[in-house]
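> Listed here are the chains, written in short residue letters.
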Amino acid sequence: DAGVTQSPTHLIKTRGQQVTLRCSPKSGHDTVSWYQQALGQGPQFIFQYYEEEERQRGNFPDRFSGHQFPNYSSELNVNALLLGDSALYLCASSLRPLGKTSTDTQYFGPGTRLTVL
Amino acid sequence: TQLLEQSPQFLSIQEGENLTVYCNSSSVFSSLQWYRQEPGEGPVLLVTVVTGGEVKKLKRLTFQFGDARKDSSLHITAAQPGDTGLYLCAGVPSGSRLTFGEGTQLTVNP
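Residue numbers (this note's numbering), protein chains in the order written: chain W, 1 to 117; chain S, 1 to 110.
For the record, the hints were derived by calculation from the structure and aren't laboratory data.
Owing to the predicted nature of the structure, the values given are computational and were not obtained by experimental measurement.
Quick reminder that beta carbons are idealized off the backbone N, C-alpha and C, glycines included.
Incorrect hints may appear among the rest.
Claimed, not checked - The calculated lysine to any residue pairs, modelled on SDA-like cross-linking and capped at a C-alpha distance of 20 Å, are:
{"no.": "1", "chain 1": "W", "residue 1": "K26", "chain 2": "S", "residue 2": "L46"}
{"no.": "2", "chain 1": "W", "residue 1": "K26", "chain 2": "S", "residue 2": "E41"}
{"no.": "3", "chain 1": "W", "residue 1": "K13", "chain 2": "W", "residue 2": "Q56"}
To be verified - Derived Cβ-Cβ restraints for the label pairs, each shown as a range:
{"no.": "4", "chain 1": "S", "residue 1": "G40", "chain 2": "W", "residue 2": "E52", "range": "26 to 32 Å"}
{"no.": "5", "chain 1": "S", "residue 1": "E38", "chain 2": "W", "residue 2": "L11", "range": "19 to 25 Å"}
{"no.": "6", "chain 1": "W", "residue 1": "D30", "chain 2": "S", "residue 2": "G82", "range": "16 to 22 Å"}
{"no.": "7", "chain 1": "S", "residue 1": "G40", "chain 2": "W", "residue 2": "P61", "range": "23 to 29 Å"}
{"no.": "8", "chain 1": "W", "residue 1": "G3", "chain 2": "S", "residue 2": "L58", "range": "19 to 25 Å"}
{"no.": "9", "chain 1": "S", "residue 1": "Q105", "chain 2": "W", "residue 2": "L117", "range": "22 to 28 Å"}
{"no.": "10", "chain 1": "S", "residue 1": "E41", "chain 2": "W", "residue 2": "T20", "range": "49 to 55 Å"}
{"no.": "11", "chain 1": "S", "residue 1": "G16", "chain 2": "W", "residue 2": "R15", "range": "45 to 51 Å"}
Claimed, not checked - Coverage of chain S stretches by chain W, computed from C-beta distances (three or more under 8 Å per stretch; other residues unrestricted):
{"no.": "12", "segment": "44-56"}
{"no.": "13", "segment": "74-81"}
Bound conformation, chain S alone (with noise of 0.2 Å):
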């Protein structure tokens, strides 16, 4: 059973679109961790977000953290091309250590 479940695992949609991914676990996790990876390169940390309820924007993209700490979303404005690859959450439970989900595939057609 995977601690971290995300959705949808693959994506494709069209420049301009919008997107939302999701992460959720039946535990609690004391801050969850958004990257992205692109082909041939290790994963890039994007965000962290660590209290309940939190909301965290990076440019087009907008973090959000579960108010029960056990979920969190990535949603992505007018979805570029360059928005492509694989989107990771982490998070570390309680007395445990760094663990991944398994990623959502994003294409970005033009």
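Chain W extracted, bound-state conformation (with noise of 0.2 Å):
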């Protein structure tokens, strides 16, 4: 049974350019989110996705869009990349969207290591 599988591991861009990542739920998961890990520091909620639609957005702006497949795996895309786009992007996958129950529990892929130049 696959585990929540990202693509690429790692990426370098240069400022301005534009980035697609990609994710793959574990099997029988139906909800992906995604978040941005800087450095030295805890896991930030980026968006959400159940049901081909953003269901929960955090504090990023406009230039983090996404997408959800029928087959539920999932794109990030950012444009305009900033230098300060450089971090971990993680993409996790639950039963269901988070806040439903109090014990749903998500899995997180490895990440992609972003670098913006």
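Both chains are given apart, each in its own frame, so use the hints to dock them into the complex.
Written out as structure tokens, the structure is:
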């Protein structure tokens, strides 16, 4: 049973460019959340997708957008990259949107390390 | 202002020592979770505490949820080098989304 997978593992971009990160959820999971983790910090919630729609969003600008496909996989797109966007981007999947049940468990992927030069 | 405050931020100890990591908030949480993250990997869930005053044990790790459900602690007995990692607490405040603390970086030296 494959866990959460993310691609690519590492990515180097320059300021102003656009990037797309991909995530496949754990088998049986229908909800995908994306997080940004800067070096030495805890993960910060970007947004959550369920039933192909963005259900919740954190305090991130519109440059950050996403998509969920019918097979529950998801993409995170970041436009007009800034140096401050350099971080580990984590994808997490769960059986249902978080907050519905207090004991919901998220499973995290290994992340994509994005470096913006 | 961080919703979940973790302390200490860094901890370096010798193998065999005991330690406690704290996670505090002014908000009430329906549950709190503890994760461990190793370099190059995503966080891995260790435990979820739900009831105020609840204590859960996972081998040498003891997790406690405060009576008012605003704080939690993680105690490790006889730490081992394999315990090295970033320990994160996380919770879902009422009507909101999963929020993480900034983490405690633990290093256990042999």
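> If a hint holds in the structure, say so; if it does not, say that too.
Each hint tested on the structure:
no. : hint                        : in the structure
1   : K26/W x L46/S               : holds (18 Å)
2   : K26/W x E41/S               : holds (16 Å)
3   : K13/W x Q56/W               : violated (27 Å)
4   : G40/S x E52/W: 26 to 32 Å   : holds (31 Å)
5   : E38/S x L11/W: 19 to 25 Å   : holds (21 Å)
6   : D30/W x G82/S: 16 to 22 Å   : violated (34 Å)
7   : G40/S x P61/W: 23 to 29 Å   : holds (28 Å)
8   : G3/W x L58/S: 19 to 25 Å    : holds (20 Å)
9   : Q105/S x L117/W: 22 to 28 Å : holds (26 Å)
10  : E41/S x T20/W: 49 to 55 Å   : violated (22 Å)
11  : G16/S x R15/W: 45 to 51 Å   : holds (48 Å)
12  : 44-56                       : holds (count 4)
13  : 74-81                       : violated (count 0)
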